[in-house]
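So the chains spell out like this:
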Amino acid sequence: MMPQLVSVRVQSGQRRSLRFWIPVLPVLVVLSPLLLVGLLVLLVGLAGARVNPGRAVVGLWDLFCSASGLRLDIHDHENNIHISVT
Amino acid sequence: MGEQRRQILEMLAEGKISADEAERLIGALEGEGGVATASEPRKSGPKYLRVLVDDQSNGEPTQVNVRVPIRLLRAGVRLAGLIPQQALEKANDEIRRSGVPIDLTRLKPEDIDELVDSLEELTVDVNEANTKVRVFAE
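Quick mapping for you: the protein sequence lines, in order, are chains A and B.
Quick note: the first sequence, position 28, residue 28 per our numbering, numbers continuous.
Quick note: the second sequence, position 53, residue 53 per our numbering, numbers continuous.
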């Protein structure tokens, strides 16, 4: 299942933390024209590099769909960064 | 597989096979299931690879906590299997130059799958005076 939401929280020093919630599907829909062009460029590039474009695209999609559950937390004395894919 | 398991249990109940034989047959069934879903993480097995770093070497504490789904690792290595031979040979040259004798061209997707499988049993603990690193599957 593809990721639904990417949440990012960044806090630097004493400032208020910035939080973003990125809904993946709506963003994909909005960016779909660009993604289509990108996909065509990718297919041509892959064919040029003699990589099976079909398998590569399926692999990339699989990679994207597997990202659900990824979490990254970094805390140091000044900065807190939290990225979560659900 | 549920139907076959039921048949084995019925045969055991009817006394047609012994408990040992039933156990062996069920084990074989589970083995078949394992092969069929080799590309997917086992449901009962760990799902994530965790990397925890606690570093105080600069006098200030820094903590890193990464949780990577094992499915993502599998998808990544499967994608890496598409890298063309020429690119692998170039990477080999660079790796050899840095003193690590690994031949990437000999790594097959099945080997990489096995490698990811074995990550599920991996636990790495590094304890230094100011740095602690833990890598484990959960």
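Errors might be hidden in some of the hints.
[Claimed, not checked] Simulated restraints, written as ranges between beta carbons of each label pair: (1) B:Val51 to A:Gly54: 32 to 38 angstroms; (2) A:Ile83 to B:Ser18: 27 to 33 angstroms; (3) A:Arg19 to B:Met11: 39 to 45 angstroms; (4) B:Leu29 to A:Arg16: 28 to 34 angstroms; (5) A:Arg50 to B:Glu14: 57 to 63 angstroms; (6) B:Asn127 to A:Phe64: 46 to 52 angstroms; (7) B:Ile95 to A:Val41: 28 to 34 angstroms; (8) A:Leu25 to B:Gln7: 39 to 45 angstroms; (9) A:Ile83 to B:Gly99: 29 to 35 angstroms; (10) A:Arg16 to B:Ile26: 23 to 29 angstroms; (11) B:Asn65 to A:Phe64: 18 to 24 angstroms.
These are computed hints drawn from the structure, not numbers from a lab.
All C-beta atoms, glycine included, are put in the ideal place defined by N, C-alpha and C.
We went through each hint and held it up to the structure:
1. B:Val51 to A:Gly54: 32 to 38 angstroms: Cβ of valine 51 of chain B to Cβ of glycine 54 of chain A: about 33 angstroms, so the range 32 to 38 angstroms holds.
2. A:Ile83 to B:Ser18: 27 to 33 angstroms: Distance hint for isoleucine 83 of chain A, serine 18 of chain B is violated at roughly 55 angstroms.
3. A:Arg19 to B:Met11: 39 to 45 angstroms: 59 angstroms Cβ-Cβ, so the 39 to 45 angstroms window is violated.
4. B:Leu29 to A:Arg16: 28 to 34 angstroms: 57 angstroms, violated
5. A:Arg50 to B:Glu14: 57 to 63 angstroms: At 60 angstroms between Cβs, range holds.
6. B:Asn127 to A:Phe64: 46 to 52 angstroms: At roughly 36 angstroms between Cβ atoms, phenylalanine 64 of chain A and asparagine 127 of chain B fall outside 46 to 52 angstroms, so the hint is violated.
7. B:Ile95 to A:Val41: 28 to 34 angstroms: 30 angstroms, holds
8. A:Leu25 to B:Gln7: 39 to 45 angstroms: 44 angstroms, holds
9. A:Ile83 to B:Gly99: 29 to 35 angstroms: Taking Cβ atoms as reference, isoleucine 83 of chain A and glycine 99 of chain B lie about 34 angstroms apart, which means the hint holds.
10. A:Arg16 to B:Ile26: 23 to 29 angstroms: 58 angstroms, violated
11. B:Asn65 to A:Phe64: 18 to 24 angstroms: At roughly 23 angstroms between Cβ atoms, phenylalanine 64 of chain A and asparagine 65 of chain B fall inside 18 to 24 angstroms, so the hint holds.
Taken one by one, the earlier hints fail for this structure at numbers 2, 3, 4, 6, 10, listed in ascending order.
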